[in-house]
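Asker: Since the structure of chain A is provided, determine the placement of chain B on it from the hints.
From first to last, the protein sequence lines stand for chains A and B. Mapping the first sequence onto numbering that gives the first Met the number 0, position 13 (from 1) lands on 12, and the numbers just tick up by one. Mapping the second sequence onto numbering that gives the first Met the number 0, position 62 (from 1) lands on 61, and the numbers just tick up by one.
Take these hints with a grain of salt, some might be off.
Distance windows between CB atoms, simulated [to be verified]:
#1 Val303/A with Val241/B: 55 to 65 Å
#2 Ser201/B with Gly241/A: 49 to 59 Å
#3 Val270/B with Asn41/A: 33 to 43 Å
#4 Gln18/B with Met84/A: 25 to 35 Å
#5 Phe273/A with Ser274/B: 38 to 48 Å
#6 Arg35/A with Ala11/B: 18 to 28 Å
#7 Lys247/A with Asp135/B: 55 to 65 Å
#8 Asp91/A with Ser243/B: 51 to 61 Å
Don't read these hints as lab results, they were simulated from the structure. On a predicted model such as this, the values are computed, not experimentally measured, just so you know. Glycine residues also receive a C-beta, built at the ideal position from the N, C-alpha and C atoms.
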Amino acid sequence: MSTSDSKVPVTVVTGFLGSGKTTLVNYILSENHGKRIAVIENEFGEVGVDDALIIDAEEEIFEMNNGCICCTVRGDLIRILGTLMKRRDRFDYILVETTGLADPAPVAQTFFVDDEIRSQLRLDAIVTVVDAKHLSMHLFEEKADGVENEALEQIAFADRILLNKTDLASEEELVEVEGHLRSINASASVVRTHMSKVDLDWVLNVGAFDLQRVLEVEPTFLDDSEHVHDQSIVSVGIEEAGQVDVEKINDWLGWLLGEKGVDIFRMKGILNVFGSDNRFVFQGVHMLFDGQPDRAWGEKEDRVNKMIFIGRNLDRDEITQRFRKCLVR
Amino acid sequence: MFEAHDGDVVRAKWSPSGQFVASCGVDGALRIWDLAGSMVAEAQHRGWATDLAWRTDGDEVAAGIGRCVVRLLANGMKAVQHEELPASVECVTWSEDGRRLFAGHYGGVAIFQGSAKPVKTFPWKGAPLVVAASSDGKWVVTGNQDASLHVWKVANGSELQMTGFSTKVLLIAWSRNSLRLANAAMNEISEWDFSGKGPKGSKPIGMLGHSSRIVGLGYVPTHPDLLGSVATDGSARLWRPVKSGNSLIQSHRTQHVFSSMRWSPTELRMVCGTSTGEVVSISFDEEPGQ
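One chain only, chain A, in its complex shape (with noise of 0.2 Å):
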């Protein structure tokens, strides 16, 4: 079941300043591609492409009053994407950019509680620029306490990575940045770029947030040994054998978005659930989650639970901990 193909897919860029998040957008702009692309912009682009549907937004985030302590979303998105929708005819793709300072919180949890927008259009990956030669000073910049990091955060929420500005850095400094982007968020796939050029199919049409494609990437669990930087944000993956229980796994799941779901950015799994010969699948942003039952397993497929948690301050034996008595014995 996938209603997934008439619903028009939307990537969201995010990138720090100076990354090179515009240039990417001009990028997919000006290359004779043959895709018809809306772009949503926080600020007005300096180059005037022909023919392209670009649209100024103004960042209205705003709080939903739905007991959800961390559900903002984009309230101008809501209007553009509304209206944008009336002409659907005139494009295939819509791409919208945030500004470097962004959270992507709201702009993600935007598609996930209008009805409209969910109806109509699909979040299909979130996708981070990183400038190579400086990133490292904005992942360790001291920041006053609550204040984000928005640095940290926009690689957290991506799927996928652009490592730009490869030019600038050598290849020890690569390594040593894709480590860093690796234990921050374990499950995006990671590329790198020099002026952000990268085959389009790689940041449009992605199925990221399609629970279909969930964990199509495998994730690269680090061991908490690897990390070697004190940082705010990591990835936490489980991979366990064995049945769950569904009560049990419920508890679990809604322990982990009430108490956690502030703090984890996004989470995708696959789990084996006792009594049940198909996988199911899951993710989330915050406490946003959608999960479904999956196609079947298949017969010589490897019976694996697989999670991954990305986000603040999680405690990995903890989660491993509680997850493991909702296994069946």
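Answerer: Frame of chain A, contents of chain B only:
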């Protein structure tokens, strides 16, 4: 048919007299046209237009464009220029007497009279989608993105909030006598009693029965105690809201996917727009019985 805007037209509305059409679009323009399709007046502001409303006397029209409320007089003369609000304007409406103009914007409601600055602002952390003032001018209500209604007493700014709807609230309607307010969210209609001290702490009358999203809602001008609604499932319903028992008094089922509804000013007849661009007229029986 004529080309009114560069890009999409967001709203187009007849003036109350039927003499003019006002339109606004994503080009940030508000324009008034006569029946021959000639432009009578025009105003422009930075941003997209979101909503427009004719003053009851039909002499003036207001639109939300970007962060500004832009006004145009049908005689082509210059109207009041308002200052920009703190965020994009989403919806506009006039008071019945035409003296006040209400603008719902991200973060609250602003009330304008004859000057550039608002005479009152009601800040509120939310995103209004539609705004409606009671005809006695005492109340202003917004239907909001976060599935709530927010109500202000215009005199002192005191607030009420109604929550728990299943979707965002896009339809609100005041009864002619300002004593009742109806709203629809998804397939559910609620009616609130504004008599006496208002609806604080009260429960609404719920009206269920449409099987899909309600897209038109309004009290009947010729029968002020009756309420009509249409939904995308092709159903059209006439209600007499009662606290206990069945409020539904008549219903029609059609094959149309409705998108909007207006009551005739003189008959028990509704005119509905459909998603395929048709206009359908639906009559209900006079002296509706149980």
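Asker: Of the hints stated earlier, which fail here?
Answerer: none
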